[in-house]
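First to last, the sequence lines map onto chains R and U. Just so we're aligned: the first sequence equals residues 1 to 293 in the numbering used here. Just so we're aligned: the second sequence equals residues 1 to 381 in the numbering used here.
Rather than coming from a laboratory, the hints here were simulated on the basis of the structure. Keep in mind the model is a prediction, meaning the values are calculated, not measured. Careful, some of the hints might be misleading.
Stated by the list, open to error - From the structure, some residues in chain U lie toward chain R, with a derived Cβ separation under 10 Å:
| hint | residue |
| --- | --- |
| 1 | A50 |
| 2 | K101 |
| 3 | A143 |
Heads up, the beta-carbon is just placed ideally off N, CA and C, and yes, glycines get one too.
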Amino acid sequence: MRRACFKFSWVAAALLVPQLLIIFVFFYWPSAQALYWAFTLEQPWGGGNTWVGLDNFRAILTDPYYWGSVRVSVIYALATTALAMGMALTLAVFVDRQLAGYRTWRVAIIWPYAVAAPAVGLAFQFVFNPGAGIFSFINAVAPGWWDLSRNAWQAVVAIIVAGAWKQVAYSFVFFLAALQSIPRSLIEAAAMDGARPLRRMFDLQMPLLTPTVFFLLVINITDSFTDSFGIVDTLTGGGPYRATDLMVYRIYSEGFKGMNYSGAAAQSVILMLLVMALTFVQFRYVERRVHYT
Amino acid sequence: MAEISIRQVGKTYGKTTIMQGVDLEIHDGEFVVILGPSGCGKSTLLRLIAGLEEITAGEIAIAGEVVNNLEPRERGCAMVFQNYALYPHMTVSDNIGYALKVAGVPKAERMARIEATARSVGLVEFLDRKPGQLSGGQRQRVAMARAIIREPKVFLFDEPLSNLDAKLRVQMRHEIRRIHNAVGATSVFVTHDQNEGMTLADRLVIMNKGTIEQIGTPEEIYEHPASLYVAGFVGSPAMNILPGTVASSGLSVLLGDGQAVDIRSSFKARPGQLVQIGLRPEKLSITTKAHGLLAAKFQFFEELGSARIYHLEIEDIPVGVVSDLKLALTAGEEVGLAFPPSALHVFDGPSGRSLARAEAAGESRGTDASTTGLSMHGRLL
Ligand SMILES: Nc1ncnc2c1ncn2[C@@H]1O[C@H](COP(=O)(O)OP(=O)(O)O)[C@@H](O)[C@H]1O
Ligand SMILES: [Mg+2]
Numbered sequence: 001m002r003r004a005c006f007k008f009s010w011v012a013a014a015l016l017v018p019q020l021l022i023i024f025v026f027f028y029w030p031s032a033q034a035l036y037w038a039f040t041l042e043q044p045w046g047g048g049n050t051w052v053g054l055d056n057f058r059a060i061l062t063d064p065y066y067w068g069s070v071r072v073s074v075i076y077a078l079a080t081t082a083l084a085m086g087m088a089l090t091l092a093v094f095v096d097r098q099l100a101g102y103r104t105w106r107v108a109i110i111w112p113y114a115v116a117a118p119a120v121g122l123a124f125q126f127v128f129n130p131g132a133g134i135f136s137f138i139n140a141v142a143p144g145w146w147d148l149s150r151n152a153w154q155a156v157v158a159i160i161v162a163g164a165w166k167q168v169a170y171s172f173v174f175f176l177a178a179l180q181s182i183p184r185s186l187i188e189a190a191a192m193d194g195a196r197p198l199r200r201m202f203d204l205q206m207p208l209l210t211p212t213v214f215f216l217l218v219i220n221i222t223d224s225f226t227d228s229f230g231i232v233d234t235l236t237g238g239g240p241y242r243a244t245d246l247m248v249y250r251i252y253s254e255g256f257k258g259m260n261y262s263g264a265a266a267q268s269v270i271l272m273l274l275v276m277a278l279t280f281v282q283f284r285y286v287e288r289r290v291h292y293t
Numbered sequence: 001m002a003e004i005s006i007r008q009v010g011k012t013y014g015k016t017t018i019m020q021g022v023d024l025e026i027h028d029g030e031f032v033v034i035l036g037p038s039g040c041g042k043s044t045l046l047r048l049i050a051g052l053e054e055i056t057a058g059e060i061a062i063a064g065e066v067v068n069n070l071e072p073r074e075r076g077c078a079m080v081f082q083n084y085a086l087y088p089h090m091t092v093s094d095n096i097g098y099a100l101k102v103a104g105v106p107k108a109e110r111m112a113r114i115e116a117t118a119r120s121v122g123l124v125e126f127l128d129r130k131p132g133q134l135s136g137g138q139r140q141r142v143a144m145a146r147a148i149i150r151e152p153k154v155f156l157f158d159e160p161l162s163n164l165d166a167k168l169r170v171q172m173r174h175e176i177r178r179i180h181n182a183v184g185a186t187s188v189f190v191t192h193d194q195n196e197g198m199t200l201a202d203r204l205v206i207m208n209k210g211t212i213e214q215i216g217t218p219e220e221i222y223e224h225p226a227s228l229y230v231a232g233f234v235g236s237p238a239m240n241i242l243p244g245t246v247a248s249s250g251l252s253v254l255l256g257d258g259q260a261v262d263i264r265s266s267f268k269a270r271p272g273q274l275v276q277i278g279l280r281p282e283k284l285s286i287t288t289k290a291h292g293l294l295a296a297k298f299q300f301f302e303e304l305g306s307a308r309i310y311h312l313e314i315e316d317i318p319v320g321v322v323s324d325l326k327l328a329l330t331a332g333e334e335v336g337l338a339f340p341p342s343a344l345h346v347f348d349g350p351s352g353r354s355l356a357r358a359e360a361a362g363e364s365r366g367t368d369a370s371t372t373g374l375s376m377h378g379r380l381l
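One chain only, chain U, in its complex shape (with noise of 0.2 Å):
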């Protein structure tokens, strides 16, 4: 069992704080994906966790050990670099048992466990090669294969498709999730690819800042989104963002140009209050003026083939649309979008913290961010 509690955790350089109050509970067997920009933070919570950096505030457990002051090859965890870190004057078999003959396995079984390894990730005809003669793709198995025969605890990955092809990224993602689920060890996988977050993660945390933004499946943040932050880095294209004021009645927002958009049955929201609409290009479909809940001019679209992207304009403001119907459409054309209310988002303007939803308000998501997010809320309403 290794389970990962990381509680209040902060990291500090000097005078800078890069991390501060990161709480995160990741269970057994649980694959997590970090997801963030860069900068925000993600390598440096692999690494507490790694024991590759000092932890500067709070604790981190595994398997219920407090770790703070553990040496990370105390720590049971098997890590996959960014750049591979391959040692460069062994051969690939060399590599993958580096871990083995240190910790003193005898040659005979080493030599088994490596081939075993090196066949699980069809590596077995470069064994006798060095790094320098494989292609990225061989790489990073070979940095997979020397983290898989630890038999580790936790899986550790920074950024490990990021050096790849878009298509060779796909492979091993699919291959990841595969080992993910064969093996069966904890893994916590960081990444700036919302695709790559979506697609791996059981849960996704989203950072920025140092901080945590958001915990949840990749459903959750995809349809709950706790902040403008996280609904503008989860989805692609991105959700459709348009500023407006909360109407005195409570009940609709108006936008810049006029148009109101009825919010009633599912915000509470404070007369006069700034806001910003969220709607994703997905939920939105596109109709006759007359039909559709918001007026809005088309202006191009880009064939994906499965489905086209329209791009329209609210007032200069820059709104799509996906959809597989082919419409005829001309530059300027006036038309009306539709969109379920449950598609609806509203954030406050200045935090960016989502609303509450009138039936969504009780929803907990058992996290300190959702639940500061939650109580600021109750402030400003």
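Isolated chain R, as found in the complex (with noise of 0.2 Å):
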């Protein structure tokens, strides 16, 4: 790629200040911060901390119930980001074939992204509340099957479906976007060639969308890890038995309710990595397969 090349100037220096600015005390500060406190053990109403090493790391490892919120948030990233994609590929397909009404769909499909996941999911406690949800008629036919505080399957179920809906939005503009920057002859092109609609879309419209799928996928995948908070706590609260207590959920509770901030920190300090290493990957082997044209 080329770049172009500017002299330093102070215009430039003074622009630039408030932006890092930000970056700094909203971002590189508290990771400082919480780096730190990951190899001390800090005083929960304040006052002087120790140096344990990776004592926190060890504690957090050998916690088996650690492992089981490692285990439902990567379930919860996988089904969301599957759900999500697949719902606003298949929605932009619909839109940019222009099917009847694509309009209003348009911006009714874009608006979940500009909601906060709190306001989604307590959205989503109108849909799944058993007593007096949508979902409630369930309990009408079967009594007590339907209940989100009790059934573990069910609240991951609630949260993923929340989580994706919330998701859906961000990925189906970029998919409409992509679609639509396929030039038209391409697609004429191939129907002179024989090719029905749907065999179009795979031998066309697919291939040549690697890239936003790709671009999504690490999205998708990273935000459903660190962008979950707000749905678990207003649906599930993490519950019930720890079944939706997923990894940023929990650094919330074990910090802020078990004013554990010495492992609160150290799991945040897991979970950046974890992401890192994610994205690395895909960038590293899943992106191999991408086509750029």
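With the hints in hand, could you dock these two chains into one complex?
Laid out in structure tokens, this is it:
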């Protein structure tokens, strides 16, 4: 890639400072602080700490509850990503083919992205609530069958659906843009070559979408590891019996409810490393299968 | 046999009509070029034939079968697009063989046909490359190969050469004609380049704002343009046009500066009619003022090597003359222009329609465009 080089200028520096300051104050500083806490034992009510080396990590990694949290986080990440991207792609294909009423849909589909995670969780409370939600009709048929607060798998499904619903919008926008940037004449050429719509989708649109699929995969997986707190907190509170105790949620409950700052800090360092490793692996191995044209 | 019949075809987008009343019979194995300026509806007409756009009026039949409601794949046409439309993620080989793959041709046969087709357009060394690694000319060949391999009944070309440089364009033009002669399929070729049209076509179709202006062989169109529009579009340098009025005798045309041009031998015109006289630069010759039929002032000339284009003026109206004589003239010099009576074209002023030639009046060109033109003259005369 060619780069333009500019001479150092005070104006440029002045324009950059606010942004750099924000990044420093809200990202690097807290990150450094967490990193420091992860290696110390912090007093719950403040006042002094002791260096404990890797003790915090050892404690976490030998805790079976922690591994349960990792397991459900991975399931949640894979399931929300698959569900969100699958839905987004299907909707984008429909909108791209300009099926009836696509203008209305397009707006309707983009909205959820503008909704904050806790609001999504609250909205889904209305859907999934066993007593008063939309799903309560199940309990009218089979009394007591549907209850998020008692059935672990139902709670997991509920946060996955809510998380996917929130992510659909973002993926949809990218899929739609990618589909629309495929030149019309390519599709027409394939039509002249005898390919029907479904065949064209598999032979042309899907391969040409791979850069977008890859990008969204990275974003969605990262997002579902790091941005699930609001949904879990409002929908299940981590329960029942820690079934939806996602890594992010566990950091919060350990740190602020259990007052175990050091343990929470160590967990957040692990989560950060995990997300970085995942992103690295995706770039390293998945990207090889991507066609950039 | 794949003749194409286009009958009273029209195309409307929403409320805007961009094409109407197009009638065209294309014979089996014919090479027809649709020629017209940008935006006149050439591509639209081609896409209507291909089935990429829906026909909103009239009907199109290919090989005797009305195709209005058929999908592109059912029409037996292959198309070469202006931007080539190659599949960017497939190799050249996969691009060329895609139609066969879709049709379920077994791999061995497919590879053999890809190889043979690639050989015929000189692409064998590039079969494993992606389109992004090819030059413009090579991409063009891939697009051609992709069309040829299907052995279609009809070839459709939408300005396939417009993205190439001048030299390559001439070369590919010859290639396309060679392939046409070898394959014998019916070809419809769209272009805005009159050179391409004149050299490639068995028959030319001149379009103007969504209607057909004239249909004929390149020679007919050049010699007998049905209108000022056609006359101005075909021929290079463009035809010289001089406005005038028919004299009260009806036998000559008076130009703005009072010069008279004799039209007695060939045209029937109404006294006082506003007309435009057309003279092709190639048909004019420069003589002395005394020997000329028209007087003009020499301005300058352009050297082409094989000939010169002399630029003259008749009362501020530029007039070009192409001649291989090397004349020594000075700017502002008064000269005479000579031409045979057959070189003279007279067009009705307001409508731009060609006036009926006395000896050519009965000649039928078999098109609606020219018949409406003729009947209009009948009314005017
Ligand atoms: N999808 C469309 N909607 C509305 N108008 C169109 C559309 N496609 C083409 N046109 C109009 O139709 C006219 C003819 O277009 P086209 O056939 O592409 O011209 P050409 O190929 O001769 O340059 C143009 O004026 C263009 O603006
Ligand atoms: Mg065009």
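Please name the hints from earlier in the document that this structure breaks, with their numbers sorted from lowest to highest.
none
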